[in-house]
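Full structure from sequences and hints, please.
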Amino acid sequence: MADPAKGTKMDASIVAKSFRNEIKAKVVAMKQAGIEPPLLVGLLANKDPAARKYAEWTGKACRADGLRYELRTLDDPIEVEAALIDANDDPRVHGIIVYYPIFGQEESFSGESQDDYLRDTISHKCDVEGLCHSYRTNLYRNVRFLDYPTNNQKCLLPCTALSVVKIIESCPGCYDFTKPVGRKLEGKTVTVINRSEIVGRPLAAMLANDGADVYSVDINSIYMFRDGRLHACDDSVTPESCVRKSSIVVTGVPTKNYKLPTEWVKPNTTVINVASFKNVEEEELLQIPGVVYVSQVGKVTVAMLERNLMRLYEQFHARNNKTDAIAGASSDKNSNNERQSIWSVRLQAYSAAVLTVILAMQLLKK
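So the sequence shown is numbered by the numbering used here: it starts at 6 and just counts up by one.
One should not assume that every hint holds.
Claimed, not checked - In silico DSS-like pairs for lysine-lysine, Cα to Cα no more than 25 Å straight-line:
1) 283 / 304
2) 58 / 261
3) 283 / 250
4) 184 / 11
5) 31 / 11
6) 65 / 31
7) 271 / 22
8) 14 / 283
9) 130 / 304
10) 14 / 58
11) 58 / 184
12) 250 / 58
13) 171 / 52
14) 36 / 171
15) 11 / 29
16) 52 / 36
17) 261 / 31
18) 184 / 130
19) 264 / 283
20) 171 / 29
21) 184 / 65
22) 11 / 36
23) 14 / 36
24) 264 / 304
25) 11 / 65
26) 159 / 22
27) 171 / 184
28) 271 / 261
29) 159 / 14
30) 52 / 261
31) 171 / 283
32) 14 / 261
Claimed, not checked - Computed beta-carbon distance windows for the label pairs:
33) 192 / 294: 17 to 23 Å
34) 292 / 54: 30 to 36 Å
35) 30 / 243: 33 to 39 Å
36) 235 / 68: 39 to 45 Å
37) 30 / 78: 38 to 44 Å
38) 112 / 68: 33 to 39 Å
39) 292 / 55: 37 to 43 Å
40) 26 / 237: 41 to 47 Å
What the hints contain is simulated information worked out from the structure, not anything from laboratory work. If you're wondering where the values come from, they're calculated on a predicted model, not measured in any experiment. Backbone N, C-alpha and C define an ideal beta-carbon position, used for all residues, glycine too.
What follows is the structure, given as structure tokens:
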């Protein structure tokens, strides 16, 4: 039993397991129906240890859950765009992930970074990371479907940011599921110490879209996300004041030198670390009453990747030989019916013409 006078370290793999079990069940059902599971293609063109580790985790998890995974290693970063286009156009491929960084902050001809350009090259029908232009812009406008107002095709959300949301959902007292969509975090204040395009910025938007007031803290500035709008904070707002107000704090500082001052954290706060390095002094943090601490989100991120892959498959690629055969048979039947209908109309017209000629001849005889 947890000591109420101290904090608790939460094992996020429990959250990941529930989602992966859902994926496994779907894969089993697909195989029983004679349908091949979705294929995820990973593109790796760097020697970054974190990227290689992520690629390793992805492949291991996909194989364990019955999904197909193919890692394509490229020797030269300049080859990535062509490989992306090939994967986009390959009907066997249902999802694509690129292991960044490829070019880092190197600028592209369009003015954005080369890596951003690559993200936008991925088709929205294959983008398991949910970071291409279509998904990204919809997220920041709080548009949840690609096909509004039909609303059959949900927008995908970035995997790491989504993993944090799912972890927060599993923490008691954070989300209020009795409230409507867009208001489930109403009344909550969150601080996200990271504003990267992959994690911090989309996470802040997602939490704000759920009703929270979100402080987005970067090295040079602090912004507030509230009700779909971004507000610049004045100099009176500091990282310390943000954290002290917050019941949820997410740290994602990519350096081992940064540590969140534990004296800023109030009791009963949920603290989630998304950085490769531990951004907190764990022993000190767990001395704070009621704190819930999550030290890693990697396993949940991979589970969200699999979930996104399955959603892409179901929304854009869910066809197999059986459905193709049915569709083909239906198409043939429709074509035959259409041809029969055309000949029927022609026959009726011909019969009417013949009848008209006969009547005319009879009248002439009279």
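Status of each hint after checking the structure:
Taking the CA atoms of residue 283 and residue 304, the gap is near 16 Å; set against the 25 Å cutoff, the hint holds. Of the supplied pair hints, the one linking residue 58 and residue 261 holds, its CA atoms being roughly 18 Å apart against a limit of 25 Å. Between residue 283 and residue 250 the CA atoms are separated by roughly 22 Å; this keeps the pair inside 25 Å, and the hint holds. Between residue 184 and residue 11 the alpha-carbon distance is near 30 Å, which puts this suggested pair outside the 25 Å criterion.
Between residue 31 and residue 11, the direct Cα distance comes to roughly 40 Å. Violation of the 25 Å bound is thereby established for this hinted pair. Restraint check for residue 65 and residue 31: satisfied, since their Cα atoms lie roughly 18 Å apart, inside the 25 Å limit. Between residue 271 and residue 22, the direct Cα distance comes to roughly 30 Å. Violation of the 25 Å bound is thereby established for this hinted pair. Taken as a hint, the residue 14 and residue 283 pair is honoured in the structure, with Cα atoms around 13 Å apart against an allowance of 25 Å.
Proposed proximity of residue 130 and residue 304 is supported: the alpha carbons are some 24 Å apart, at most 25 Å. The suggested pairing of residue 14 with residue 58 holds, with an alpha-carbon distance near 24 Å, which does not exceed 25 Å. Simply put, residue 58 and residue 184 have alpha-carbon atoms about 39 Å apart, too far for the 25 Å limit, and the pair is violated. Restraint check: the Cα-Cα separation between residue 250 and residue 58 comes to about 36 Å, which exceeds 25 Å; the hinted pair is violated.
Restraint check: the Cα-Cα separation between residue 171 and residue 52 comes to about 30 Å, which exceeds 25 Å; the hinted pair is violated. Of the supplied pair hints, the one linking residue 36 and residue 171 is violated, its CA atoms being roughly 28 Å apart against a limit of 25 Å. Of the supplied pair hints, the one linking residue 11 and residue 29 is violated, its CA atoms being roughly 37 Å apart against a limit of 25 Å. Restraint check: the Cα-Cα separation between residue 52 and residue 36 comes to about 36 Å, which exceeds 25 Å; the hinted pair is violated.
At most 25 Å may separate the alpha-carbon atoms for a hinted pair to count; residue 261 and residue 31 exceed this at roughly 40 Å. For the hint linking residue 184 to residue 130, the alpha-carbon distance of about 31 Å lies beyond 25 Å, and the restraint is violated. Straight-line distance between C-alpha atoms of residue 264 and residue 283 comes to about 8 Å, which keeps the hinted pair within the 25 Å bound. With a C-alpha separation of about 19 Å, the suggested pairing of residue 171 with residue 29 holds against the 25 Å cut-off.
Distance hint between residue 184 and residue 65 is unfulfilled; the C-alpha atoms sit about 38 Å from each other, more than 25 Å. With a CA separation close to 47 Å, the supplied pair residue 11 and residue 36 exceeds the 25 Å bound. This hinted pair does not check out: residue 14 and residue 36 have alpha carbons roughly 38 Å apart, beyond 25 Å. Taking the CA atoms of residue 264 and residue 304, the gap is near 23 Å; set against the 25 Å cutoff, the hint holds.
Distance check on the hinted pair: residue 11 and residue 65 sit about 36 Å apart at the alpha-carbon level, beyond 25 Å; violated. Between residue 159 and residue 22 the CA atoms are separated by roughly 23 Å; this keeps the pair inside 25 Å, and the hint holds. Proposed proximity of residue 171 and residue 184 is supported: the alpha carbons are some 17 Å apart, at most 25 Å. Distance hint between residue 271 and residue 261 is fulfilled; the C-alpha atoms sit about 23 Å from each other, no more than 25 Å.
Distance restraint check for residue 159 and residue 14: the Cα-Cα separation of roughly 33 Å exceeds the 25 Å cut-off, and the hinted pair is therefore not satisfied. For the given pair, residue 52 sits about 20 Å from residue 261 by alpha-carbon distance, which is consistent with the 25 Å threshold. With a C-alpha separation of about 20 Å, the suggested pair residue 171 and residue 283 falls inside the 25 Å cut-off, and the hint holds. Distance restraint check for residue 14 and residue 261: the Cα-Cα separation of roughly 20 Å lies within the 25 Å cut-off, and the hinted pair is therefore satisfied.
Range check, residue 192 to residue 294: Cβ separation about 21 Å, and the 17 to 23 Å hint holds. For the pair residue 292 and residue 54, the beta carbons lie near 32 Å from each other, so the given range of 30 to 36 Å is met. The supplied range of 33 to 39 Å is broken by residue 30 and residue 243, whose beta-carbon atoms lie about 48 Å from each other. For residue 235 and residue 68, the Cβ-Cβ distance of about 41 Å falls inside the hinted range of 39 to 45 Å, so the restraint holds.
Against the hinted window of 38 to 44 Å, the Cβ-Cβ separation of residue 30 and residue 78 comes to about 32 Å, which falls outside the hint. Distance hint check for residue 112 and residue 68: the Cβ-Cβ separation is about 37 Å, which falls inside the suggested range of 33 to 39 Å. At about 30 Å, the CB distance of residue 292 to residue 55 disagrees with the hint of 37 to 43 Å. Roughly 43 Å separates the CB atoms of residue 26 and residue 237, a value that falls within the hinted 41 to 47 Å.
Violated hints, in rising order: 4, 5, 7, 11, 12, 13, 14, 15, 16, 17, 18, 21, 22, 23, 25, 29, 35, 37, 39; the structure is consistent with all others.
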